[in-house]
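Visitor: Going down the list, the protein sequences come from chains A and B.
Numbering that gives the first Met the number 0 numbers the first residue of the first sequence as 0 and each following residue consecutively.
Numbering that gives the first Met the number 0 numbers the first residue of the second sequence as 0 and each following residue consecutively.
What the hints contain is simulated information worked out from the structure, not anything from laboratory work.
Careful, some of the hints might be misleading.
A few chain B residues facing chain A, derived, Cβ under 8 angstroms [what the hints assert, rightly or not]: (1) 2; (2) 13; (3) 15; (4) 28; (5) 32; (6) 85; (7) 87; (8) 91; (9) 92.
Quick list of the computed label-pair ranges, beta carbon to beta carbon [unchecked claim]: (10) B:15 to A:54: 54 to 60 angstroms; (11) B:104 to A:41: 40 to 46 angstroms; (12) B:23 to A:51: 55 to 61 angstroms; (13) A:135 to B:1: 58 to 64 angstroms.
Even glycine gets a Cβ: it sits at the ideal position worked out from N, Cα and C.
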Amino acid sequence: MNRLRSWTLPIGLVAVVTGFMLSTQFRTQAQLQPPTPSRRITQMAQVLQASERRRMALEGEITILKQQLKDIQGEAPPAIETMEGQMASGLLPVTGPGIRLVLDDSSSKPPKPDGVQAAVRAEDLLKVVNELWAAGAEAIAINDQRIIAQTDISDAGSALLINRQRVASPFQIQAIGPSASLQKALTLKGGVLEYLQFFGIHATISKLPAIEIPAYTGRVEFHHARPMENGP
Amino acid sequence: MWVPAAGLMLGILIGLFVPLSIPAWLTKYTSVATLAALDTAIGGVRAGLENKFSLAVFTTGFTFNTVIATLLVYLGDSLGIDLYLAAILVFGVRVFNNTTTIRRVLLDRFWAKSPIGMRRE
Chain A
0 MNRLRSWTLP IGLVAVVTGF MLSTQFRTQA QLQPPTPSRR ITQMAQVLQA
50 SERRRMALEG EITILKQQLK DIQGEAPPAI ETMEGQMASG LLPVTGPGIR
100 LVLDDSSSKP PKPDGVQAAV RAEDLLKVVN ELWAAGAEAI AINDQRIIAQ
150 TDISDAGSAL LINRQRVASP FQIQAIGPSA SLQKALTLKG GVLEYLQFFG
200 IHATISKLPA IEIPAYTGRV EFHHARPMEN GP
Chain B
0 MWVPAAGLML GILIGLFVPL SIPAWLTKYT SVATLAALDT AIGGVRAGLE
50 NKFSLAVFTT GFTFNTVIAT LLVYLGDSLG IDLYLAAILV FGVRVFNNTT
100 TIRRVLLDRF WAKSPIGMRR E
């Protein structure tokens, strides 16, 4: 029994340290990459392929039906009503359900001890806007600046320019559209918000039933483009 | 003999509740260090069961293995070679060898009794 005692204690101590290191490692790893079982990846890939095929079949149907419509009507389809046209180009204030995302970089911490403090840049906002459009947003505004087709988002020193107006942190991005899809698109694994949060930028998303998005207040002038006479 | 096992449980519990988060760029090093610690602990249990335990060998083994494993990973990162694979291979193999020996020793000690109850040492 004496010989047994002499080794159990030091090994016990080392075992405590080992157990501590093990569980800390497990926790950190789980936070970094929750493992996706490969079976699920295959499953999702198959669903994706099936959806793609269906989409292409439907697009073929669209082309056929459009041709039939043209044959029946004998001319190009009628132009959109003025109201919808104005809504589509961002000239009307709109309201509807959607999401609000607030990006705050004032208290961000660098990811490495010697890293620089991260600031939200134009390219980050562009990525967010892109994801929102792709997920079905119908109207987007950042700090009450409506994002239209001609909107540019650029870096200007310490602030950003949107529609040629200076906007600064915190950035409140509002989007009207299918709330669930919009939120999911932003919070995808490996997506925009995860990327920004890795640099310590605070992001808060909320789903709201009635978001108000103002109209575009600038001018849209066409000096070079003019409507085509005979349609595409 | 179950002091080490209890110690392991205790360590795991402490680790689960201490809000210590390893920065992302450190995880490769700490994972190899953890494996080295695990290998040393299991090796120590085996030595103890075989009555060949030496405190000096054990403690120096623990510190050396962890430090050298971490250095090896760092060297691999600097050279652009996945040297951490070597560390994982070696420690993994040792863990398997040691656990096999422990299993054999325990079976010998507690299973190989003659029918009249005398233990075969």
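Visitor: If you test the structure against every hint from before, which numbers come out violated?
Guide: Violated hints: 4, 6, 7, 8, 9, 10, 12; rest satisfied.
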